[in-house]
Amino acid sequence: MYEILKIYAFIVRKFINKKKNIKKMHPHLKKGYEEYLKLKDKEIVEIENRKFKIIKIKTKIFQGGEDLIGYIYENLKESLKDNDILTVAESIIGVTQNRAYRVDEIKPSKWAYFLYPWVSNVDYGTGLGMAETMECAIREVGLKRILKATFFGFLDRIRKKSGSFYRIAGKEVKSIDFKKNHPIPFKGSNNYIVLSPKEPEIFAKKVYKKFSKNIFVSVVDANNVSVDVLALYPEDKKIEKIIYNVMKGNPAGQDDEKTPIIIIREI
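Sequential numbering of the sequence shown, starting at 13, is according to this note's numbering.
No lab work stands behind these hints, which were simulated from the structure alone.
Idealized CB from N, CA, C, for every residue including glycine.
Just to be clear, a hint being listed does not mean it is correct.
Restraint-style ranges between C-beta atoms, simulated for each label pair [what the hints assert, rightly or not]:
| id | residue 1 | residue 2 | range |
| --- | --- | --- | --- |
| 1 | Glu247 | Lys43 | 24 to 32 Å |
| 2 | Lys50 | Tyr85 | 15 to 23 Å |
| 3 | Gly154 | His40 | 40 to 48 Å |
| 4 | Arg171 | Ser201 | 38 to 46 Å |
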């Protein structure tokens, strides 16, 4: 059965749901990529006549079970200032929470093989477009929710819209991250999957309370086409908007930059 499903998946991805580049994707994704190109090398971003400096914090390579909150405090307690916005990439939180897995550790179900071929087939990322990441999504939120999300995602395609799949599946599914041939290995492999962190809002609150300063702490999932603020403490819509606009340039990077922590400082 699995061999038949693999052949079916190959046929769908090769001949029906063919690979697309960013220029052929939905307009909002194309717009996100254009904004990324515009901002990717900028150190200062202007938003509504206010200027914000992007300070990249280079870190070590984290492993499962490490005290990330303690690391952040020890390395930033002298440099962090009042009114700074501290952003932490969701992937390093997931790693330290033991929510990262080598691809060969995950055994996809039949449903994963059946569903993943219909996920957007793009040349700028993987998302749930492989059996192993789809299996992670099913385990995270349950098969019923993924089937519902898939159904409404199919309706989106008919109506030439987008967004319903991840709106229903949830941010925890959207943030599943496949590191393919990644220059930073995990458990001896350069191919691994990092799940969205558990309770990111609690993580943000704990980091905030560690510092006796008037700061904002956020957990951010950013790539070259979109930005999601998974948590912000204290909550503030204006600050969230600033984070969203500054992080469009994905200053934390996607590869071996080792800058998963960003300070946004008004100047």
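Against the structure, the hints:
Against the hinted window of 24 to 32 Å, the Cβ-Cβ separation of Glu247 and Lys43 comes to about 27 Å, which satisfies the hint. For Lys50 paired with Tyr85, a C-beta distance near 34 Å fails the hint of 15 to 23 Å. In this structure, Gly154 and His40 break the distance hint of 40 to 48 Å, their C-beta atoms being roughly 28 Å apart. A hinted range of 38 to 46 Å for the beta carbons of Arg171 and Ser201 is consistent with their spacing of about 40 Å.
Going through the hint list in order, the structure does not satisfy hints 2 and 3.
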